[in-house]
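Visitor: Spelled out from the first residue to the last, the chains are:
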Amino acid sequence: DAKTTQPPSMDCAEGRAANLPCNHSTISGNEYVYWYRQIHSQGPQYIIHGLKNNETNEMASLIITEDRKSSTLILPHATLRDTAVYYCIVRVPTSGTYKYIFGTGTRLKVLA
Amino acid sequence: DGGITQSPKYLFRKEGQNVTLSCEQNLNHDAMYWYRQDPGQGLRLIYYSQIVNDFQKGDIAEGYSVSREKKESFPLTVTSAQKNPTAFYLCASSTDRGNQPQHFGDGTRLSIL
Numbered sequence: 001d002a003k004t005t006q007p008p009s010m011d012c013a014e015g016r017a018a019n020l021p022c023n024h025s026t027i028s029g030n031e032y033v034y035w036y037r038q039i040h041s042q043g044p045q046y047i048i049h050g051l052k053n054n055e056t057n058e059m060a061s062l063i064i065t066e067d068r069k070s071s072t073l074i075l076p077h078a079t080l081r082d083t084a085v086y087y088c089i090v091r092v093p094t095s096g097t098y099k100y101i102f103g104t105g106t107r108l109k110v111l112a
Numbered sequence: 113d114g115g116i117t118q119s120p121k122y123l124f125r126k127e128g129q130n131v132t133l134s135c136e137q138n139l140n141h142d143a144m145y146w147y148r149q150d151p152g153q154g155l156r157l158i159y160y161s162q163i164v165n166d167f168q169k170g171d172i173a174e175g176y177s178v179s180r181e182k183k184e185s186f187p188l189t190v191t192s193a194q195k196n197p198t199a200f201y202l203c204a205s206s207t208d209r210g211n212q213p214q215h216f217g218d219g220t221r222l223s224i225l
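Protein chains in written order, with the working numbering: chain A, 1 to 112; chain B, 113 to 225.
Keep in mind the hints are simulated off the structure, nothing from the lab. Worth double-checking, as some hints may not be accurate.
Derived pair list, reagent style BS3-like, types lysine-lysine, alpha-carbon separation capped at 27 angstroms [as the list claims (entries may be wrong)]:
{"no.": "1", "chain 1": "A", "residue 1": "Lys-99", "chain 2": "B", "residue 2": "Lys-182"}
{"no.": "2", "chain 1": "A", "residue 1": "Lys-52", "chain 2": "A", "residue 2": "Lys-99"}
{"no.": "3", "chain 1": "A", "residue 1": "Lys-109", "chain 2": "B", "residue 2": "Lys-182"}
{"no.": "4", "chain 1": "B", "residue 1": "Lys-195", "chain 2": "B", "residue 2": "Lys-126"}
{"no.": "5", "chain 1": "A", "residue 1": "Lys-99", "chain 2": "A", "residue 2": "Lys-3"}
{"no.": "6", "chain 1": "A", "residue 1": "Lys-99", "chain 2": "B", "residue 2": "Lys-169"}
{"no.": "7", "chain 1": "B", "residue 1": "Lys-169", "chain 2": "A", "residue 2": "Lys-3"}
{"no.": "8", "chain 1": "A", "residue 1": "Lys-69", "chain 2": "A", "residue 2": "Lys-3"}
{"no.": "9", "chain 1": "B", "residue 1": "Lys-121", "chain 2": "A", "residue 2": "Lys-99"}
{"no.": "10", "chain 1": "B", "residue 1": "Lys-126", "chain 2": "A", "residue 2": "Lys-99"}
{"no.": "11", "chain 1": "B", "residue 1": "Lys-183", "chain 2": "B", "residue 2": "Lys-121"}
{"no.": "12", "chain 1": "A", "residue 1": "Lys-99", "chain 2": "B", "residue 2": "Lys-183"}
{"no.": "13", "chain 1": "B", "residue 1": "Lys-121", "chain 2": "B", "residue 2": "Lys-169"}
{"no.": "14", "chain 1": "B", "residue 1": "Lys-169", "chain 2": "B", "residue 2": "Lys-182"}
Estimated spans, in silico, between C-beta atoms of each pair [as the list claims (entries may be wrong)]:
{"no.": "15", "chain 1": "B", "residue 1": "Ser-134", "chain 2": "A", "residue 2": "Thr-72", "range": "33 to 41 angstroms"}
{"no.": "16", "chain 1": "B", "residue 1": "Ser-223", "chain 2": "A", "residue 2": "Ser-28", "range": "36 to 44 angstroms"}
{"no.": "17", "chain 1": "A", "residue 1": "Asn-57", "chain 2": "B", "residue 2": "Glu-127", "range": "41 to 49 angstroms"}
{"no.": "18", "chain 1": "B", "residue 1": "Leu-225", "chain 2": "A", "residue 2": "Ala-17", "range": "23 to 31 angstroms"}
The C-beta atom is built at its ideal place from N, Cα and C for all residues, glycine as well.
Bound conformation, chain B alone (with noise of 0.2 angstroms):
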């Protein structure tokens, strides 16, 4: 079945370490997408990338950093410089033409040690 795969479902990390959540899609997606999403709130979106080798800073991006070397994956790392990275990730995917939705991922919680 076409979806989009996140993992690792959970993820820990220690104070100061990069972290890489993974995504994929299967759905020959142009766009994809990574949002946050904190306790009781909406999503906000990190970084999103239109085309292979090519992305934007979305609403709050710093102390992430993305890569788009395939079509198909769009890792999302969060680095030491995010301070409070604690936060359940997101991935969606659209074929970026005409009004089409986005789709997502079942998510990855980050959680710090």
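Bound conformation, chain A alone (with noise of 0.2 angstroms):
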């Protein structure tokens, strides 16, 4: 089962800022949250991933509350070519690496 969950769809307008939460109440104390998106038949696009602290790059920022137990991604100016399904991702350990395990993700739709 997916440790993360996230709220089925969501639009936004665009040129608005999408907000995208993610609830991961049973992350353990050094587990990375990670963030993909994914337009249709296309491979997941990593966006963002982080600890604890807030993180920023080029295409979102990641806000982690202080208990960890959810986090927010955002799109600053949201575009029609932002509309995916982002997933949340926390990695579960298995036999020496780590695997992703997707639940079923936020369908972002961008509306003009």
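Two chains, each in its own frame: build the complex with the hints.
Guide: Pasting the structure below:
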């Protein structure tokens, strides 16, 4: 089972900030949170990841709560091309490495 | 440009046939992974490999086989034992060190004729 919970869908007006929430209440102290997005019929695209500090890159910002039980991905100025399914992932250790467990993500629709 | 190449993009298989999906990476990553995605669902792990000549079963390995003879290549064979092979197959790779993310190819869509 996925270790994260996300709303199934969200809408956002073009040019506005899109704020995508994720709950990960069982995250352990040294596990990172990863965000990916998937546009139809393409592979997931890595966006950002973080441990406990807020992170920002050219694509997005990641805000992690102090207790680390939830996070929010922020797309500061959403465009139509940001319409995609967004996945929040916490890795699970397995046989000396880690695996990702994908839930069904949040389907973000950016509206013109 | 460095990346992961999956081929072909679309693949059709007759009932009872084995088919092999290609995955090549030039990122010098140690670890490689195969996932399956069904419509409206997340990805599920089929097999993964941390080093050459070694691989482990994921959550849904039945009906699939893999090999890892070269660091750059991790082909997946969908055998006739896989009863429901129609799906979108995704290959990924990572350095498997620290917390670096996995990077994905663009997938192969397999359909049964």
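Visitor: Broken hints, numbered, in rising order?
Guide: Going through the list in order, the structure violates hints 3, 10, 18 and respects the others.
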